[in-house]
Structure formats: structure tokens, C-alpha cells
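Given chain D's structure and the hints, the job is docking chain X with the ligand onto it.
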Amino acid sequence: MSETNYAGGTGNGGKLPEELKDTVTLTNLDMMVEAMSKIVDPIANWARSNSVWPLTFGTSCCAIEMMSVGMSAFDISRFGSEVFRATPRQADMIITAGTITRKMAPALITLYEQLPEPKYVMAMGACTITGGMFNDSYSVVQGVDRIIPVDVYLPGCPPRPEGILDALLKLQQKIRTESYVERRKRRYAQTAVRYVDYDSGLVIDPVRATVEQAIDDMEEAMNNRSEF
Amino acid sequence: MTEPAAPKPAEQPKELPAGQFGQFLKDLGIGSKRLADSCGVETIEVAAADMEVALKRLKNSSETGLNLLITVSGLDSPESFDSVYHLWSYTDPEKELVVKVSLGKATIPEGKLPYVTSITPFWAAANWHERETYDLMGIRYIGHPYLRRILNPWDWEGHPLRRDYKQLIDALNDKNPQSFR
Ligand code: SF4
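Chains as they are written, first to last, in my numbering: chain D, 1 to 228; chain X, 1 to 181.
Since the hints were derived computationally from the structure, they do not count as laboratory data. As the structure is a computational prediction, the values presented were derived from the model and not from experiment. Some clues are possibly wrong.
One-sided excerpt, in silico: chain X residues whose CB lies under 10 Å from chain D [what the hints assert, rightly or not]:
no. : residue
1   : P93
2   : E94
3   : Y115
4   : T117
5   : P121
6   : A124
7   : L151
8   : N152
9   : W156
10  : E157
11  : P160
12  : Q167
13  : L168
14  : L172
15  : D174
The calculated DSS-like cross-link candidates involving lysine-lysine, where the alpha carbons are at most 27 Å apart (straight line), are [unchecked claim]:
no. : chain 1 : residue 1 : chain 2 : residue 2
16  : X       : K112      : X       : K100
17  : D       : K170      : D       : K119
18  : D       : K103      : X       : K166
19  : X       : K56       : X       : K33
20  : D       : K103      : X       : K112
21  : X       : K100      : X       : K33
For glycine and all other residues, C-beta sits at the position ideal for the given N, C-alpha and C.
This is chain D alone, in the form it adopts within the complex (with noise of 0.2 Å):
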């Protein structure tokens, strides 16, 4: 088979083919797993949610309010994610508190790509939604969506603490409504939009084409060359 299929389980949609039903016996493990959801759901999601931790991530000024909304006077623990971690290995959520340059871009993606599924994004104040006051700036990524998903939009320059718990509560709301069914049944990872080359600075899907046409130049000498 030339497909690949990431998500393990059944793959091909669940049938067999002709060839092998003899032989095969398929443990359908999803349709199981399927059946027990509507019973753990609930209660995984009720946990998941009230356990985001978010990654230690804070590139200018929004960064202060994220702080401060860690310590006593907000105390985000109240909502069970007081837990800021520094690496993305432990974390499931990034609150890309601050501007986002093209410089930075690159170490964010990579950020975001370490964190483990299930992950979330919370896009806290202007900058990361439009770029804010750097809108015209020669350097400011004009909104972290343009390089990965965002499951939240904070707005405000910079947002209250108060803020930033409200999207908390809108975030553990979506935990609670996922289906781990629904989520596995998607066949790929969460990646980024798109990426950034962290020596030049510019969207790398250009970079990429060159690669190809050279990769696709070298076909053809070879093709040519061996008519000879």
C-alpha cells in the first residue's frame, strides 16, 4: 500500500480487502472505543479541561498580564492551569502572549509542533491576532493564525487578566464538547499553517518550490541523459 495511515486502527475505512478475508481477522478496536465514548468522554474531557496547562511562552508586553494572571490576585489555578510549563512536551496549550516578528516565527512553529496532541492555541491580545499597532511593521507576522491554528481570539492591547480567564472558560467549553472519537478519526497531526525559514525570514513555501523545481530539474537531465 502507498498510503500511509497515521492514525492506526482499521484504515481503509474499516473494509478489508477481497484478497485477505480469509485470512484476517480484524480487531476492530475504534468501534469499541466508539462505544465506550459516550461513558468516558464526559468524564475525560471534564478533567482535561479543567487541567490546561499552558507553556511558559511570552514575547512582549501581553506577557506581564499572563504573569499576572498566574499570581494571587487572579490566581488562573482557580481553573486548574497554574501549571506553567517550560518545556511543550508537558504542556497543552500556548497563549502566544505577545508579538509575534518573523524571527520569532520559526521557534513558535516549532513550539507548537513539539506541543503533544490534543493541543490548543490561545491568541492573547492584538498583535497575535492582527498584528496590532505593528500591522504595517516590516518585521510583525500579522496575526499568529497565518503560521498555526488558533482555537481562541483574545482581544485587547493588552487584555485584562480577567480576559484571559473568560478565554480559559471558552477553551475548557470546546474541551468539554470534543469527542476523542472525533478527534481520532482525523488522520493527521495538527501542524502549522504554514512555515517560516528562520535564516531569511520569509514564508518557506517559496524555498520549498525551488527545492522542487531542482529536485525536478535533476529528473530530467537523468531521463535525458540516459537515452544516450
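Frame of chain D; chain X with the ligand shown alone:
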């Protein structure tokens, strides 16, 4: 200590009398041109060739004692690129000086960057300032130990604070096509 700031309108092309530091340099045989004071601070322009010696003298002499380099910055004037040095004194806060080195745009060959001597070898504080000026204004500092872009990504195209800089528009920032770029 400093001269009483005489506010001179710009249209007076009259030669200004040499200030305290201009006089000091003149006594050492280094020519300088006095410009209009900037915020009450003596401002002089020296030739690019004299700049290194002049700053060395101003830094090390006990008479001037300008031993603190506040900033190195760049300026894109209509006729020239200027490299500007703000000096100050730890020992005598009254002393302050702005030194300007003007690099005429007419003398710069096509496709080349203007250049001045780096002062980083004897004034380590200039290191990152010169890198920043190189990054944003495109003035090369000859003799700098590590002249590489400091704020922008390393392979960035162009120097963003120049007047003729054309902003790159790609998928990361095409949200606002009506902007004043
Ligand atoms: S949205 Fe405002 S407060 Fe937040 S990072 Fe941008 S400028 Fe700073």
C-alpha cells in the same frame, strides 16, 4: 561647562564658533565642523578619516573625559548616510557631545554599502550598536569583530530603516493592502 545653547535657525549658513570639544580637537590638529546644537548638546561633524583618532582622544584625554558611549546610531539624510555617536562622561555629567560622521551618498558606488571605521576595538560598548546600525541602516563598520545582523534574521534582504526600503509583502503580512507602506 557647555556653551550656552544659542538657538540658531537652520537657514543661517554662518560658521559657528568652535565649542569646547571642537576646540580640543582643533588643538590636536583634527578638523571638525560645528553643527547646530542638538537639545543643548554640542554637535560636531568630523571627517570619516579622522573619526577614529578623534573619538580615541575624546575618550582617553583627562581634559575631555568623555568615557561613556551612549549610543551609535545611523541616519538616512537626503544627501548622506550619517553615523552618529553620543558621548557622555561618568565623571562630569555636564559634559556631553554628539559626533556625526557624514558619508555622502554620491561617493557610494552603486550596489555598495557606505562604510566607516569601527570603534569597537577600543570601545567595546559600540559592538551591538554598530551591528544594529548595520542591520537597520546598512552602514558597514570596518574592523568590527562580528558584523552580522542583530535584530533581523541573518539572511534578511535590505536595510529596513532606509528611506528607499521596500517592504516585503508575503503570506505573513498581506492582511492590510491599504496601509501606508
Ligand atoms: S497586544 Fe498590546 S500589550 Fe499585547 S503584545 Fe501587542 S502591543 Fe503588547
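These are the hints, each one checked on the structure:
1. P93: Not OK, violated: P93/X not within 10 Å of chain D, min 31 Å.
2. E94: 36 Å, violated
3. Y115: For Y115/X, the interface hint is violated, since the closest Cβ of chain D sits about 24 Å away, which is over 10 Å.
4. T117: Since the shortest Cβ distance to chain D is 29 Å, the answer is violated.
5. P121: Given a least distance of 28 Å, the restraint on P121/X is violated.
6. A124: A124/X check fails; min Cβ-Cβ to chain D is 25 Å, beyond 10 Å.
7. L151: 8 Å, holds
8. N152: For N152/X, the interface hint holds, since the closest Cβ of chain D sits about 7 Å away, which is under 10 Å.
9. W156: OK, holds: W156/X within 10 Å of chain D, min 6 Å.
10. E157: Cβ of E157/X sits 7 Å from chain D, so the hint holds.
11. P160: Check passed: Cβ of P160/X comes within 5 Å of chain D, closer than 10 Å.
12. Q167: Hint holds; Q167/X Cβ to chain D Cβ min 5 Å, cut 10 Å.
13. L168: With a closest approach of 7 Å, the L168/X hint holds.
14. L172: Holds - the Cβ of L172/X comes within 10 Å of chain D, reaching about 5 Å at its closest.
15. D174: Because about 8 Å separates D174/X from the closest Cβ in chain D, which is inside the 10 Å limit, the hint holds.
16. K112/X / K100/X: 21 Å, holds
17. K170/D / K119/D: 15 Å, holds
18. K103/D / K166/X: 19 Å, holds
19. K56/X / K33/X: 18 Å, holds
20. K103/D / K112/X: Distance ~26 Å between K103/D and K112/X Cα, so the pair holds.
21. K100/X / K33/X: Within the cut-off at roughly 10 Å; holds.
Taken one by one, the earlier hints fail for this structure at numbers 1, 2, 3, 4, 5 and 6, listed in ascending order.
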